[in-house]
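J.: Position chain B against the provided structure of chain A, taking the given hints into account.
Protein chains: 2
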Amino acid sequence: MYRSHTCGELRIGNVGEQVTLAGWVQRVRKLGGMTFVDLRDRYGITQLAFDESQNADLAMCAQKLGREYVVQVTGKVTERESKNAKMETGEVEIIVSDLVILSSSETPPFTIEDETDGGDDLRMKYRYLDLRRTAVRRNLELRNSLTFEVRDFLIRRQFIETETPVLINSTPEGARDFVVPSRMNPGQFYALPQSPQLFKQLLMIAGFDRYFQIVKCFRDEDLRADRQPEFTQIDCEMSFVRQEDVVDLFEEMVKTVFRKLKGIDFKEKFIQMPWSDAMRYYGSDKPDLRFGMKFVELTDIAQNRDFAVFNNAKYVGGICAEGCAHYSRKELDGLTDFVKRPQVGAKGLVYVKYNEDGTFKSSVDKFYQTEDLKAWSERFGAKPGDLMLILSGDHIQKTQVALGQLRLEMGDRLGLRKKDEFAPLWVVDFPMFEWDEETSRWKAMHHPFTSPKAEDVDYLESEPGRVRAYAYDMVLNGVELGGGSVRIHDRELQSRVFKAIGLTQEEAEKKFGWLLTAFKYGAPPHAGLAFGLDRFVSLLAGLDSIRDCIAFPKNNSGRDVMINAPSVIETSQLDELYIKVNLPEEK
Amino acid sequence: MYRSHTCGELRIGNVGEQVTLAGWVQRVRKLGGMTFVDLRDRYGITQLAFDESQNADLAMCAQKLGREYVVQVTGKVTERESKNAKMETGEVEIIVSDLVILSSSETPPFTIEDETDGGDDLRMKYRYLDLRRTAVRRNLELRNSLTFEVRDFLIRRQFIETETPVLINSTPEGARDFVVPSRMNPGQFYALPQSPQLFKQLLMIAGFDRYFQIVKCFRDEDLRADRQPEFTQIDCEMSFVRQEDVVDLFEEMVKTVFRKLKGIDFKEKFIQMPWSDAMRYYGSDKPDLRFGMKFVELTDIAQNRDFAVFNNAKYVGGICAEGCAHYSRKELDGLTDFVKRPQVGAKGLVYVKYNEDGTFKSSVDKFYQTEDLKAWSERFGAKPGDLMLILSGDHIQKTQVALGQLRLEMGDRLGLRKKDEFAPLWVVDFPMFEWDEETSRWKAMHHPFTSPKAEDVDYLESEPGRVRAYAYDMVLNGVELGGGSVRIHDRELQSRVFKAIGLTQEEAEKKFGWLLTAFKYGAPPHAGLAFGLDRFVSLLAGLDSIRDCIAFPKNNSGRDVMINAPSVIETSQLDELYIKVNLPEEK
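Quick note, the sequences are listed as chains A and B, same order. Note that the first sequence covers residues 1 to 587 in my numbering. Note that the second sequence covers residues 1 to 587 in my numbering.
Copies of the same chain look alike in the list, so a pair counts if it fits in one copy or across any two.
Below 27 Å or equal to it, Euclidean Cα-Cα: the simulated DSS-like pairs (lysine-lysine) are:
1) K216 to K125
2) K269 to K418
3) K520 to K30
4) K520 to K64
Hints listed in this document are in silico derivations from the structure and should not be mistaken for laboratory results.
This is chain A alone, in the form it adopts within the complex (with noise of 0.2 Å):
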């Protein structure tokens, strides 16, 4: 060992002991014949003292320290004449005998303190760098606590981790998958795997009755900023189960870890909120619940007037934001392009004002009566002060969604999405399936595999946009946290299913056979669930992108700029794996 102690771990209860640190210099200081160098190491910060009426060579050496130098320094544990409350070390030091340069650091390209003066792209140039910054390892170290909770928690309820196979075969639905040439199979390439669900079904089959694993998954889509290329799922898996029981359990495990890593302790259970109640009082299947804004409709009152916008509307309705009657006509324009923006989708916004005096000023003045917008707004709920804002559209999902989003908004500029609160719910009874335009059929919004409630079985064929799957989703502060559902084992239940998404067996066999033969040798019934660790751990630290949680994240364009990976490789490489660059023409 290159020390006796670390550098976050030496009090006042040491004072007297000969010791031996090693770290990096975080900086040094000199103070009339003293010279101070703070060492840093991962667990703390230790001021080391060179007196040069002692030991003047000493001293002039550790002048010469650079930033990011690494020594190991050997002397006696002393107390501080000025303490230092903020630091667990502070107050001590050592008085330096020894001083040994184990390495020297060129000046680092950007500061490495909690506030850095590096830009994005320099930080993750040299992420090594960006790495020794306190703020950034402690999400990694947070990362670690939280799959240490998670599996402490699985196994001792007998969950068995399980390692599924990275190298597989590319599946013909879903997001695009990254291939894998085969070197031996000639023109054939395994696909990397995007979940391993079908795994995870294969060993309910094999009667593993509870399985987990904290297992990479990968995506070949177009990058955003909590999307990765390579992502890290809680994947989890149990038989002779229902719906309540994965919720249940989940539900703890997710109490277990805010309660051992944040110390919050979530008493009550989880709202469980039907999808159609999410979408209907949110505008989102994943709604944020740290704040109110709750939907409220107007369609039936506000038709009753000359405004054609509202009448010819399907859904006319608004959220009430307290205390907002004084917004300025800019800060009201402003909130208009929110909602005409293209991700937004909205045509316009109207308002209502209820003033503080209590009078009304709205936008459809002209087309509606004081009384008109006092029955608005008693049904919002509305006080003097509070500003009434009102969607309306052809569509009623999609004008919810566009109001969810309004309301996101005034929840942002409210600072009603306050970072250490967090409000869980689980959202319950999604449709089976969804319509999907481009193809004009029914596509399952989960997957195929998904069960459909017994109550609503009879209308896989008459009706299937009224068909409720056993399907849930944790959501966190507005962040889909995780999802999951019941499967279907029942080989009949299955055709059916696949028939409602226009799915022939003999299509079927092909796309799924490998599981559909496993189907029939006794499959038990099941049910599972995934939590996306990135965003897990960056709910829990307060992060706003999911790269500050990953030690070695990738940009938009999926490279990694520090090593700079993807690259050209040799044509001999290419060679032995049967295949061949084949770049567009350049124009």
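T.: Relative to the frame of chain A, chain B by itself:
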């Protein structure tokens, strides 16, 4: 829940309780008016009883149950008349009042018993049925327990489990990479990691201090019984440590695993055998120490007579097989054939029988006197009844390796390599370089980031073959369980090592540029190692192949025969990835 208890849970104390069980039908027996069904799940087997005289319809249903049907039963726990002491639930049975068939099953292609009638190919094709067999599932449970204990051990010692990327760059050295074409970066490829070696070194530079990861690695090699294209490593790295710190800590980890999972307590420190001794006495860098038969060298005393074979040899040495003097001509011929196999490569075998009556009989009687053979036998420490087996050759190490294989063969024949005995050791002081005949240059035996031993550094330029490395392997029962090294953290030393293997600074930059850049910013001294998880589990479980401890392994052609991967993919997928299949022309 479909059950109140598992099939392994009920005891005599539960008698009288109304319970619900669910599981697979293991077998159905009819004995007079009674029908008995063994119901199986992961936790055990419980006997169900159906009494024709009580409920004829139900008994009829039970008789019709096929093997591997999935059923749910409700009934009363009752004390058995004829108890089965071999089963944990053997004192009770369930008098069933209600039976629901959850899934039927076709007749499985092989029996779901510990000793199955299914061949390897069939078992792999229906792996989910193979995994139902208790003997196979236990290996996976052991794997889960092992990883849990390893994580628990390491996390308690402040190791941070950190995920490193799977989509990285192809490295120009080492084994063949699997590559992944990048859609977003046309003409460029990711590679799957052969190990996270460089990333874990970066994490040390990042100040993570103690890292581990249980991680999938990939090598596109031709496969053998103990190789898989994807395999799992327990990968570890530590900062500010020396070789003895790493060796001590991971020895403790392995001891903890053995104590917790096998009830075996290794009290002594593991032997640390220099690589040169391992070669000299066992002809292997991974000696199996479950048995003796240490090599005895005879070069000096066997070259005093007219036997040209020995006289011209650089090495003459052998092993003593206790109590084998009775070996027949046929057995001795068999051993001669063994050593002459191309994989072993010896030219012949000399034997000396030390007969029970004190006389000697050897294959070189015409060259040597009794006193010669007596002198040899003294050096062997042989007793009457023992058999000495001697090899000789031009090349010392090759002859020792051949003798090592003969030693293992004799160990097998004499039943000395018992699966329930464990003989761990460290092999240390590996040579830094080995001579590569093909390229006529020295190459790194481990990898070029391994640190040479301080006392040998002076020979880096003058005598590279003499330089030993701070490299260490943990060996168990003749298998390399893990291995690692102290890494170079000094740029000047790194340059000298690159030079020794004939790598110019420019080439080094090209191959390892980003790591070398990282080393400029304050690299701590660091060291690490990696264990092969698949091997670790298979040794603990006493398996012949690592396949048996992998849920979904691949065959020797890298195929998953269950899902039939790899496979041909769509041309549209290839086009999107800017590649073409380029098969060799048929002849």
